[in-house]
Structures are given as C-alpha cells and as structure tokens.
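Asks: Chains E and W supply the protein sequences, listed in that same order.
Numbering of the first sequence is given in the working numbering, commencing with residue 1 and proceeding in unit increments.
Numbering of the second sequence is given in the working numbering, commencing with residue 1 and proceeding in unit increments.
Just to be clear, a hint being listed does not mean it is correct.
Under the rule of at most 20 Å between Cα atoms (straight-line distance), these lysine to aspartate or glutamate pairs were calculated in the DMTMM-like manner [to be verified]: (1) E:K104 x W:E79; (2) W:K55 x W:D38; (3) E:K104 x E:D17; (4) E:K104 x W:D38; (5) W:K3 x E:E56; (6) E:K42 x W:D59; (7) W:K3 x E:E39; (8) W:K71 x W:D38.
Which stretches of chain E does chain W cover? Using the computed rule of at least three CB atoms under 8 Å from a CB of chain W, they are [said to hold, decoys possible]: (9) 39-46; (10) 78-85; (11) 98-104.
Derived by calculation from the structure, the hints in this document are not laboratory data.
A virtual CB, placed ideally from N, CA and C, is assigned to each residue, including glycine.
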Amino acid sequence: ILNVEQSPQSLHVQEGDSTNFTCSFPSSNFYALHWYRWETAKSPEALFVMTLNGDEKKKGRISATLNTKEGYSYLYIKGSQPEDSATYLCAFYNQAGTALIFGKGTTLSVSS
Amino acid sequence: DVKVTQSSRYLVKRTGEKVFLECVQDMDHENMFWYRQDPGLGLRLIYFSYDVKMKEKGDIPEGYSVSREKKERFSLILESASTNQTSMYLCASSFSGSVGYTFGSGTRLTVV
C-alpha cells in the first residue's frame, strides 16, 4: 500500500497568522498530487492538482508547491481567516494506479 | 457544475443486513470511487471503477462489493453489515487523474 504522510496532524493559529503544511509521498512513478479542503458538514473540495516538478499553484491566499524528486508538497495559507478552518487533504496519484491515495489530513483551526 | 449525489445522508442498519449505498454523477465521468472515512485513519479506498461493468479493489475491499451497470451510477454493497462498517462513506467521480475529484456529500452509516 502506498503511503501519503501529512504533518502536522492538527494546527491552531490566530487570525492573520500565516501557516503551512507538509505532504510526503512516494517519489517514484509520480503522476499527480492533489490538495483538497474539507469543511465540516461539507464535501471535500479540490484546491489544486499538480503534475510537474517545481509546480506552484495559487488560489487567493492559498498556494502550493511540488517537489516530485524528493516526494513532498507544501500548502501555504497567508493571513489565515476563520473561514479557512477545515481539514486539508493531500492525495497522490501514481502512474500505475488509477485512484487517489489520501493522507490523513491536517486539521486547521483559526481563531478570531 | 458536476454533481455527485449520494442517496442517503444518514442510515441506520442492523448487523447482518444487506446494505446498498447509491451514488449517481451527472457529468459523464469514466471514473467513480468509494471511500470510507474514519477518525484518525483518513479516507481509505474501498473500490473504484473506470468503466461500466469494470471494478477494481482498493485498499480495504473486504466485506464490500460494488456494481456499475450504468456509467452514471456506482453502488456500494455491504453483503452482511457488521458494526465495524459503521463509518462515513464518500463517493467521488473524475474524468482523469489530472483533474480533481468531485465528491458526494457522504452517507453516515451506523450498524447496530
């Protein structure tokens, strides 16, 4: 079974703080790396899909980077807001497989 | 917008019952997936399908089966429900691995 590791498991920050999370995945047979945001009582929602080493994606205050050679991705949130509170999931897609393998997620709580 | 609809939001079933969880998507996606989510374990892949009548086992297929008779519908079947199958079940669909998944709203199943 392929392993996707996310750290930290949970995080509590104050409004306005910037923060980042890490996702580690197997560096061999890489195809794509996905990030999702999962808010309580809602469905997971795709944030980014990255396929190329060195990829950087940005959506508002959230950005992500990808290093396929060493097998990690970072998700950054600049100036956290209470509405950013959610679980952030990273998922890996390898060339041989046809389904995403998810990490356990990082749960972010932002206090105002 | 792509929509993935799961037939029930909450279900309570008795041990030994045969349980059907239904999932329908409306965007002609080839790929459909069933995951379960448990605290501390993240999203784990049960089964997936990349075409009508095709199915592949995920990481935890034991005690489950699936049916994909039509492209838009992917059913998860618990042959004889057990208490350890109490969980949140999420269905998802996608066009390909380089595009984000669209998730349903989930079915919280309790087996008593």
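Asks: Now, for every hint given, state plainly whether the structure supports it.
Replies: Now the hints, each set against the structure:
1. E:K104 x W:E79: violated, 27 Å
2. W:K55 x W:D38: violated, 23 Å
3. E:K104 x E:D17: violated, 23 Å
4. E:K104 x W:D38: Holds, because 10 Å separates the two Cα atoms, which is no more than 20 Å.
5. W:K3 x E:E56: The hint is violated at about 28 Å.
6. E:K42 x W:D59: Status violated; Cα separation ~24 Å.
7. W:K3 x E:E39: holds, 18 Å
8. W:K71 x W:D38: violated, 28 Å
9. 39-46: holds (count 5)
10. 78-85: Coverage by chain W is violated here, the residue count being 0 at a Cβ distance below 8 Å.
11. 98-104: holds (count 7)
Hint compliance for this structure: hints 1, 2, 3, 5, 6, 8, 10 are not met, and every other hint is.
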